[in-house]
Amino acid sequence: MSAHNDDKRPDEVDLSDPKLSRFDVYREGLRRDDIEILHYEPRYAKPGSKVEKRMERIVASMFLGSGLFATLFVVAYIWWPWEYEGAATWRDPQTWYTPILGVTLGLSLLLIALAVLTWAKKLLPVEELVQDRHDGGSSPDDRRFAESTVDTVVDDMGLKRRPFLVKAALLGAAPLGLAAVAPLGGLIKDPGDMLTVTGWNAEKHNDGEPVRMMMKDGALVRPDMVATGGQITVYPAIEGGASNEFASSPTLLIRLRAQDAETLRDNLFPMYQDVDALWGDFVAYSKICTHVGCPASLYEQQSQRLLCPCHQSQFNVLDNATPVFGPAARHLPMLPLGVDDEGFFYAKSDFLVPPGPAFWNRPSLPEEDEQ
Amino acid sequence: MAASAKRRRGWRKRLGALARFTGALVIVGGLYSVFSPSLYAQEADDSANAVDSEVVKGQELYDTSCISCHGDNGEGIDGRGPSLIGVGSAAVEFQVNTGRMPLAAQGPQAPAGQPSFTEEEAEWIGAYVEYLGGGGTVPDDLAAMVEDADTAEGGDLYRVNCSSCHGYAGGGGALSSGAHAPSLDGVTDEELYQAMLIGPQNMPTFADNELTPEQKADIIAYVQYVVNDDRDPGGVFALGRFGPSTEGLAIFLVGITSLLLATLWIAGKS
Amino acid sequence: MKRRKGTSESLMTKAGGELDDRFKLAGPARNIMNKVFPDHWSFLLGEIALFSFILLLLTGTFLALFFEPSMTHVVYDGSYVPLQGVGMSKAYESALNLSFEVRGGLIMRQMHHWATLLFMASILVHMLRIFFTGAFRAPRETNWMIGILLFWLGFFEGFIGYSLPDDGLSGTGLRIAEGMTESVPFVGPWVSAALFGGAFPGDEVIARFYIIHVFLLPLGLLALITVHVALVFVQKHTQWPGPGRTEHNVVGFRMFPNYIMKQVGFMLLIWGVITAMSGLFQINPIWLFGPYEASIVSSASQPDFYVMFMDGLIRLFPSWEFRAAPYFTLPAVFWPGIVGMGLSVMLPLLYPLLERRFAKDRGHHNLLQRPRDNPARTSLGVMVVVLWVVGVVSGGNDVFAHAFHISLNAMTWAGRIGIVVGPIVAYYLTYRICLGLQQHDREVLAHGLETGILMRDPDGRFYEVHQPLAEPDEHGHTELEYSGSWVPKKMNRVGVLEPTDRGFFKSIEEPEDNGARKGERRDEIEAGKQ
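Protein chains in written order, with the working numbering: chain L, 1 to 371; chain Y, 1 to 270; chain V, 1 to 530.
Quick caveat, the hints were computed from the structure, so don't treat them as lab data. Source: prediction; values computed, not measured. Zero decoy hints are in this set.
Stretch by stretch, here's where chain L covers chain Y in the computed footprint (C-beta under 8 Å, at least three residues): (1) 159-170; (2) 175-185; (3) 199-213; (4) 223-231.
Result set (BS3-like, lysine-lysine): computed pairs, CA atoms no more than 27 Å apart in a straight line: (5) V:K236 <-> L:K121; (6) V:K236 <-> V:K24; (7) L:K348 <-> L:K204; (8) V:K14 <-> V:K24; (9) L:K53 <-> L:K121; (10) V:K236 <-> V:K360; (11) V:K90 <-> L:K189; (12) L:K46 <-> L:K121; (13) L:K19 <-> V:K14.
The following residues of chain L were derived to be distant from chain V, with all beta-carbon distances above 12 Å: (14) S61; (15) T149; (16) D151; (17) M157; (18) A174; (19) L176; (20) A180; (21) N206; (22) T228; (23) M271.
Quick reminder that beta carbons are idealized off the backbone N, C-alpha and C, glycines included.
The whole structure should be built from the sequences, with the hints applied where relevant.
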């Protein structure tokens, strides 16, 4: 930026001239930055006129008002009751803590902003200046100097004369770069069966004993707990079964009306027929949406649909929970149900197909491809 | 099964669902009344005339306002209204007191509105429907139960069972094809209890074995605390508690708009 | 520069001298203080983002004093009654504690969130201004690209910040992100396992996101913002065309005191607006959402508005899953989620190069274009805006459906049709409007302004008197060249560059009272009156 400052101009002002006013020197400074004043006049015709005084008073009062509100903010911050004390109405002072802080600090900031802006708009001189842009590259001389400098550097290092050295340096540095990135490998973990096996897998999580169903509080689930047209979220009754450790295990247990259960039995995919996946009027579907994994848990007991609230996929409960609307492409896997001797629900096996969102090597069954 | 055939049959199946549902309820109700008439006969003998008169008054109201859809003796009419046999008084009082019934026009679901009957009249109709075939009832000491309830426990249950449709903040939400889960704002304890018990319309039922009356009271206590009793601590406006969608609207309507006006002022020639 | 004799040796001068002796500041300081900036309201939009970012750093530092990014299981025993005794992660507990147990913590959290929304919203508005005026053209392509990168860094920084409290809503967002990650062919499951340290959600992701949120991405944002602003400074700001304004100059006012005062004032104003909003409008009430649990969800689960566009695309995209038996599946979400996002990064990033290529425009441009003067670009921009708006509305389609009692399925279908038809219609209409506006400008330049005065010529025909914009030249012609600058459309705006009438809602036509008596002229500052 300083390159053009050195340009000697014929009309350069002699700064040693004692007759120069401050403004003359200032304007010369502008001129050396290639700036020309187009228009420059005081905002008010007479310094200290009534209007100017009035404007100064307005700005000053805004500064003072800002200080007042800042003080109020500090006072409210320290002395206004703020602790949450249970259910409260608008009469309780602590519910006003946040609004009061916001309004006092906000007004303080707004007032000081208005004061500064008004000062700039109403009290600074009216001005219009024009500056040369000097767009584009450097001067041809500068370019030549730079080019020769770089060439000299390259030549000094002998980059062209010592090709072997350059290659050796590259070959040496490349593994070093690799070594620098390698520790990120600590993040890599084999996904293994995390996407295909859930907490309902008896072999992996329950020593081969069939996994029973429990509610979130740990109570085991019996058929008489769910009324017709009712639903219940069940988890594998294993250690931490309802926790996020088994994020793809939550299942929705639904009790259908008798004739609805019949319809579902008629529609059942062969793979579910083979394992007799229903128990009485009960059916259990994975709660994890096959689209991207939100819990598809909005059970509509009249229209017999399951809706996922994240992307509005809708599944037909009476037809293997196949998608009928929205972006999901696969049915919600059914958990084969049974009731043991003690009258508790258990899962006869893990889901027959992996629940949740798809991934590239997801094993799919012919039943799914028919959809 | 060929997918195309299934698709062709899909709409017919859905259309028939209501009809079959109605039919099933008629059969169930019919069987019920065949096997248990003696029970009612006995009750009628034992109980005071006051109960009887409630049933009679209820029947009068039923015959003027409900019969056109729900049919004679609550048997239901195909394609217009389901049978009411076996639904119980809780269901009737819920539907009538929230203004959902009588229905003004058929639609995806009955909207809540101004009730057409007084609470007393609703009780009478409830008594009549209860007489046709019993269902669940609201415990008499519900208020005391809610008073003693555990709000945090209720919150846990609410999030597992209710928030998926009614939302974290109880504001309600959209269901498929025009149906809606209503807002819980201003809903009474009794209505909340009745709704859980009977599962009106698309709502699943929560039997007492699944959510005990105490757990239902916990949920009610939580809903009343969060939706109706507590004031939002984070400001004067909660933006309808709709979450990020109204927050996004607010930043453009309030933040960006006010600052755009500010830029016009700042850069404007004075 | 030699110190001038004769001036009073004040303390300031002395201090300045001492500094200059050591750092040689006099030259560069004068150069910077005198730099000329053009003045227009639309040049202030980027500053909203800049100053929001500074506030984000300040409030974020406060929050970091109290937030603990840990997924250790704890039982809440704070003062918010409906969560007492509920099991949750340490992260969620500390986010609750900083809202309820820390004095003024809640408003700080709300300021942080509102400032984020304002940061992202103002980036969008600023980006539209740059796009529609062609300010991204050479030599400023690099700065446009940096701007696009800043948006996407902000996008991920915001999404990660939204995930940190580990509440019900943020966990749902993470779950969707995980589903999208998994959908990538071949590497998806591995990337997901690396991100979450195994199966979703694991117990590491919050700690990982935290260091990204408070260190890596802010560092990137800060570095890019510095370069972004420095480039504006070095390359000098663009300006609107007009009399006296060329490709080779800048017309405006000095950096000091005018520009800098306006900047400081605007910064404080922005902070004031954010603070007031944070006190008045509740945002992200995490205590209502409960801790994240994989089986729990809420109706109307949305991301923040800047992510909603992606969510809308995912909602609208049909259920096209590609399967090749036995082992290859390409999920539907891959297209809008991964390919869609990739295109949303790459196409805007490369737009300046594409336009350069297709318009065969190799020159440098320091003068802006009015949107109407480049109809193709403007129409393309409006097309993208319509696409974005349909996406955002669809991202909240369940809230719309619920609030206005529309069928959810109808909303989805409207979005699906709208996102295809809307942009096309928008392109056509915008193109016609641009041409129409140009045409009107040309008419005014050629024939003058309509005055509303009807005359009757001797033949009895009526005609309207037009006021030419220029003095007739020696041949009596008054036509002016079309230059792409502002054309007056009203009689009272003739002869000046900017409108003479003032007033926001209603035009005030009296000259401002500047304390001068009638007819008195102000003198230009000439002699350095002290």
